[in-house]
Amino acid sequence: MAETESRWQPVAWRRRATLATLVLGQTAAAVWLLTRSLPAATDGVIGPVLLAVSAILFTWIGLGFWTAAFGFLILRRGGDPFSLAQRAPDTGSIDHTSAPAQRVAVVMPICHEPVQQTLSNLKAVYQDLEHQGALLPFDFYVLSDSRDPEVWLEERAACADLASRLGARGRLFYRRRRINLKYKSGNIADFLRRWGSRYRYMIVLDADSLLSADAMVRMLGLMEQNPRVGILQTAPRLGRARTRFARLQQFASRAYGRMFSAGLAALQLGDANYWGHNAILRVEPFMAHCGLRQLRGLGLFRGPVLSHDYLESALIGRAGYEIWLEPAIAGSYEESPPTLEDDLIRDRRWCRGNLQHLVPLLTLGGLRFAHRLALLTGILAYLASPLWLLFLGLSGYLAMVTPSAEPALPGLMAATANGAWSAADTALVALTVTMLLGPRLLALLDQALAGRLHRFGGAWRLAANTLIETLVSLVLAPIRMITHTGHVIGALTNRTLRWQGQNRSGVRSFQDALRYYVWPALACAGVLVLSHWHHPELTPWVLPVAGPVLLAPIMSLWLAALVGERWMTVPEHLDPPPVMSLAEPGRPLGWRWPALSWFEQAVLLPAPAGCPQRRPGHPGSRKQQHLASLIERCVKAGPEAVTPAEQSLVCEHPDALQRLHFAVWHAEAGSPWGLVLARLSQTLDSLDTGIPDPVIHSKEPTWIGVAS
0 MAETESRWQP VAWRRRATLA TLVLGQTAAA VWLLTRSLPA ATDGVIGPVL
50 LAVSAILFTW IGLGFWTAAF GFLILRRGGD PFSLAQRAPD TGSIDHTSAP
100 AQRVAVVMPI CHEPVQQTLS NLKAVYQDLE HQGALLPFDF YVLSDSRDPE
150 VWLEERAACA DLASRLGARG RLFYRRRRIN LKYKSGNIAD FLRRWGSRYR
200 YMIVLDADSL LSADAMVRML GLMEQNPRVG ILQTAPRLGR ARTRFARLQQ
250 FASRAYGRMF SAGLAALQLG DANYWGHNAI LRVEPFMAHC GLRQLRGLGL
300 FRGPVLSHDY LESALIGRAG YEIWLEPAIA GSYEESPPTL EDDLIRDRRW
350 CRGNLQHLVP LLTLGGLRFA HRLALLTGIL AYLASPLWLL FLGLSGYLAM
400 VTPSAEPALP GLMAATANGA WSAADTALVA LTVTMLLGPR LLALLDQALA
450 GRLHRFGGAW RLAANTLIET LVSLVLAPIR MITHTGHVIG ALTNRTLRWQ
500 GQNRSGVRSF QDALRYYVWP ALACAGVLVL SHWHHPELTP WVLPVAGPVL
550 LAPIMSLWLA ALVGERWMTV PEHLDPPPVM SLAEPGRPLG WRWPALSWFE
600 QAVLLPAPAG CPQRRPGHPG SRKQQHLASL IERCVKAGPE AVTPAEQSLV
650 CEHPDALQRL HFAVWHAEAG SPWGLVLARL SQTLDSLDTG IPDPVIHSKE
700 PTWIGVAS
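Quick note on numbering: numbering that gives the first Met the number 0 labels position 614 of the sequence shown as 613, and the sequence is numbered without any gaps.
Don't take every hint at face value.
What the hints assert, rightly or not - Label pairs and their computed distance ranges (CB to CB):
no.: 1; residue 1: G302; residue 2: R227; range: 32 to 40 Å
no.: 2; residue 1: A329; residue 2: Q8; range: 23 to 31 Å
no.: 3; residue 1: L470; residue 2: L491; range: 30 to 38 Å
no.: 4; residue 1: G457; residue 2: P643; range: 49 to 57 Å
no.: 5; residue 1: G673; residue 2: R586; range: 28 to 36 Å
no.: 6; residue 1: G302; residue 2: L375; range: 17 to 25 Å
no.: 7; residue 1: G302; residue 2: E536; range: 45 to 53 Å
no.: 8; residue 1: R86; residue 2: N493; range: 40 to 48 Å
no.: 9; residue 1: G78; residue 2: L491; range: 52 to 60 Å
no.: 10; residue 1: I55; residue 2: R586; range: 52 to 60 Å
no.: 11; residue 1: V517; residue 2: E129; range: 26 to 34 Å
no.: 12; residue 1: D511; residue 2: Q293; range: 31 to 39 Å
no.: 13; residue 1: L542; residue 2: I55; range: 52 to 60 Å
no.: 14; residue 1: G132; residue 2: R586; range: 19 to 27 Å
It is worth saying that the hints were derived from the structure and are not from the lab.
C-beta: ideal position from N, C-alpha, C; glycine also.
Generate the whole structure from the sequences, applying the supplied hints.
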């Protein structure tokens with residue numbers, strides 16, 4: 000370990016010192032220029048507060064700009080010579096003779112995700128490994144936290160079908176937790192407690208993740224060659240975008256992300272962060288050091304940790320292991336939320352989780368400085384929005400109360416409100432624009448110098464798409480600012496947060512969009528009216544903030560529309576990678592009669608062979624008595640008479656399900672279950688009887704599961 004540290008740690012400290020010097024120097028210059036624009040306000044309280052807020056904000060945007068600049072320079076020199084990928088280039092194959100010693104669990108935690116799409120992704124990963132002859136070390140686990148029986152019964156049937164099609168019995172497993180503690184981190188922890196000792200490594204996938212066989216083999220090889228590496232994180236690219244919003248996100252990721260991830264990796268080196276998916280983890284130290292306790296504070300700071308990944312990387316780093324981000328590993332993909340609302344809903348969860356990091360930031364000892372800084376930047380990622388809103392509010396207030404003879408606001412706003420335009424205003428505006436837009440220009444230059452313009456459809460198409468993406472981002476910035484401010488307020492007031500799977504279809508109605516944005520729109524409309532009433536000359540500078548929020552429902556629908564492949568061209572459109580082609584939906588997984596719900600089918604038709612089964616309880620136990628009452632109620636009043644939770648309870652107990660199965664097949668005509676049977680009979684009569692049912696007529700088990 001000492002030899003490894005001697006190679007990268009001094010370099011990391013020098014780079015971070017350079018970054019700090021550049022960021023703080025740029026921030027000091029910006030604050031000094033701002034003081035030149037506020038001579039009338041510096042004697043009061045508002046002026047110092049405004050300067051303090053602006054210092055935080057300029058530091059924040061400076062971190063982004065200079066990280067991109069570092070990435071640009073690293074890419075110009077052909078990559079970082081201190082990265083793992085550069086130091087160990089020959090890790091593109093697996094020694095199959097040692098495969099049992101390097102067993103890898105590929106885990107996919109899911110919770111109410113689109114079943115067909117999710118398992119199509121897993122199928123693509125499996126098949127790509129199989130085609131490359133690299134499947135031997137890998138086992139696959141679908142870890143479900145779904146509660147709705149109409150979801151998890153489909154998951155179970157689809158996994159059974161997938162295992163049968165792939166010939167993956169003994170390699171592909173499905174498990175559903177019955178007690179959902181600690182969300183995703185608890186799901187993975189439950190897996191590790193039960194089966195972690197079987198594996199040396201674990202690759203974590205999200206429901207929308209794709210990893211190519213080359214990427215997985217490369218990750219495994221790097222971990223084998225570097226035993227002090229605890230986590231190796233890839234830089235996922237966005238792919239498979241179909242809506243206008245997702246396509247914009249995908250373009251930004253592909254056009255600018257290469258430079259940002261290179262800069263981030265160069266600054267972090269062995270002190271990088273885990274992003275929660277598309278990464279490989281060393282199981283033994285992860286199990287030993289990364290257990291997350293419940294928070295014991297008040298309100299927001301009480302209960303399970305929501306954003307677990309940054310904290311887990313900090314804990315494994317505290318134990319002496321390295322965490323590396325390796326952008327050079329290609330073949331790592333994820334998907335963008337399809338609509339603006341889905342993106343903001345996801346941000347609401349992340350906001351709450353990131354704000355919780357204030358507790359470990361202040362209380363955990365032994366954390367590396369880089370990981371403390373990562374926790375702090377994660378918090379600022381969401382606090383930046385209320386700070387921007389505060390900055391704009393204070394600036395507007397000063398513009399209204401300052402005499403017209405003295406400028407109160409920097410830049411264009413000061414010139415409009417007070418008829419003044421100073422050199423300090425011009426320099427401040429130029430610095431701000433450079434910090435915000437400079438990374439995009441550097442990214443275009445990077446793509447040109449790397450000879451990659453043709454992969455984006457040519458120079459003109461890349462430039463035009465960059466302009467479109469920039470304009471849309473500017474329009475969306477006020478919407479994000481207002482919404483994120485609401486997320487922060489909701490988190491700090493401990494407003495209830497519902498944790499569920501993401502929408503990945505992109506289908507939204509105007510009523511949904513209007514309902515989502517109604518309160519931000521009303522607030523912005525009120526500010527616009529008051530501003531125009533008191534100071535009409537400031538209206539042109541309130542409109543760019545209030546206008547997009549007022550038009551957010553219309554903008555949202557425009558962004559949610561499906562678009563063709565030629566809109567916002569990225570390399571994957573011109574040359575799709577094999578794993579992405581394999582993930583295209585084919586024949587649906589699982590089988591459900593069109594006339595039946597999944598619960599009705601589970602009751603009426605035999606369960607797949609080989610399903611993990613609960614042991615029957617004592618006949619006189621309270622649980623058995625409760626199950627008996629559920630069965631009696633369900634038989635008399637039909638499937639609608641039991642709640643989804645009660646349906647799940649029955650389906651989890653094979654003895655109870657068998658009793659219910661026997662009773663409903665003897666239901667009288669006209670009874671609730673008799674009507675279900677009549678519906679099934681009508682469907683069977685209308686279908687071609689030559690098509691066998693894969694559940695009933697399969698001669699081999701269609702389900703493979705892990706023991707409970």
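Ascending list of hint numbers which this structure does not respect: 9, 11, 13
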